[in-house]
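Here is what each chain is made of, one letter per residue.
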Amino acid sequence: MALEGNFADMPLIDLMHVFHHGRKTGRLLIANAPFKAMLWFFDGAIINAGVVTQNAHERVACGEQAVFDMLAWDDAQFVFLPPNPQETVSVQIQHSIDWLIIEGLRRRDQPQRLAGTTKLQPTSRLRLVPMLRQASDITLTIEDWRILSQLVQELSVAELVEATGWNYDQTLKVLHRLIALNLVEVCSEIVVSQRSLSPVLMAPNHEHMVENRVRGLVQAIKARLRRTSASA
Amino acid sequence: MVNYKIVITGAYAAGKSQFIRTVSEIDVVDTDVPVTHAEEKELKHHTTVGLDFGTLSIDAEQRLLLFGTPGQERFDFMWEILAEGCLGYIVLVDSCRPAHFNETIVVLERFAEMTPVPFVVAATKQDLPGALPPMYIRRRLGLPTDIPILACVATDYPSVSDVISTLLDRIDVLAQDSSSSSENNKEHSHG
Chain H
1 MALEGNFADM PLIDLMHVFH HGRKTGRLLI ANAPFKAMLW FFDGAIINAG VVTQNAHERV
61 ACGEQAVFDM LAWDDAQFVF LPPNPQETVS VQIQHSIDWL IIEGLRRRDQ PQRLAGTTKL
121 QPTSRLRLVP MLRQASDITL TIEDWRILSQ LVQELSVAEL VEATGWNYDQ TLKVLHRLIA
181 LNLVEVCSEI VVSQRSLSPV LMAPNHEHMV ENRVRGLVQA IKARLRRTSA SA
Chain S
1 MVNYKIVITG AYAAGKSQFI RTVSEIDVVD TDVPVTHAEE KELKHHTTVG LDFGTLSIDA
61 EQRLLLFGTP GQERFDFMWE ILAEGCLGYI VLVDSCRPAH FNETIVVLER FAEMTPVPFV
121 VAATKQDLPG ALPPMYIRRR LGLPTDIPIL ACVATDYPSV SDVISTLLDR IDVLAQDSSS
181 SSENNKEHSH G
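Chains as they are written, first to last, in the UniProt record's numbering: chain H, 1 to 232; chain S, 1 to 191.
These aren't lab readings, by the way, just hints derived from the structure by calculation.
If you're wondering where the values come from, they're calculated on a predicted model, not measured in any experiment.
Ideal placement from N, C-alpha and C gives every residue a C-beta, glycine not left out.
Some clues are possibly wrong.
[What the hints assert, rightly or not] Per the computed footprint, the stretches of chain H lying under chain S, defined by three or more beta-carbons under 8 Å from a beta-carbon of chain S, are: (1) 93 to 104; (2) 216 to 226.
[As the list claims (entries may be wrong)] Derived DEER-like restraints, expressed as beta-carbon distance ranges: (3) Thr25/H to Met1/S: 27 to 37 Å; (4) Thr164/H to Gly142/S: 39 to 49 Å; (5) Thr155/S to Gln77/H: 22 to 32 Å; (6) Ala2/H to Asp146/S: 12 to 22 Å.
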């Protein structure tokens, strides 16, 4: 078993980013009838790609063009496999993953796809990615910098529209691009409150007793886990 | 004998039964039956319809009980029963099945509604090729940064033990916070 799914659940853009940051080496097999495709990753970079017909195995596209074709697929199945030791793969793609994504989607003029699974609403709050990654061969535009310079603090999409003076669509277009480049992210939205202890532990209804009981119990369980681990 | 309960939950085929099996000192009592739905059959052959149950003795008088919830949503009426009176819970998420992230979000939301006790998230199957990193899974689940998400291999004892220990640390911190806030309240009322 390996990583597998559908582009509807995890778009190719997300897969490319994850493999790049995880410096993965392996093969991404993709099936989108009547085609099938393969992307070869080495140390997080895409080094080769090809699209063929499913039955006759006739070549449809290879190299960068194959990546651009795959970026247009919405409903393909994928599986990630370790490298095949019997296979020698030549390096046909020299550009970075960021360049391939931006260039592929620019050709199709589909900026909303750039953000992968991220769905932006006027109330969505955005911030700079805490750990910015190393420089790549992507050049930021003046529009990109204008948004980035506003995000010294978390702002909503609506606040950014106001701050830049652009219209909503133009702001979204730049934001999608910055999200795809992993420079901007949407802040977490699930709110979970954890304020009380289990009724089992609250039973004595006395704060010090509760604290001592919990702390003693936690230490005892951890000691028990360590003992088992040591004896294993 | 005093028993304490921890619940292991998560979406279908996330590795809950295996997680409990790895750490339990008794043969896990389970209610697994052959899978009937064709789609689910592709993922596993047996599924938990009731619960998995394992134990870990703390000392001669105390015991930790580990309860695993059935994964499929059609059995979610069991969740509330299992969550009652637990010390905390662990949400498992399959690192190799992005298709299950939405189900995991449902589990997280349901448990947050049912019980306010501490929890951690464990990203399982991290030993498999291409397993998604916990940082990406955190983003997809919309988890706040103060909720720990740990890389986990459910068949590996140290890995499972690490997840349980992290949950215990959160329970510990909560106990200290509760204690110090009650001290402050007393000082204010005396002042």
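Practice problem: Would you pick out the hints that fail for this structure and give their numbers low to high? | Solution: 1, 3, 4 and 6
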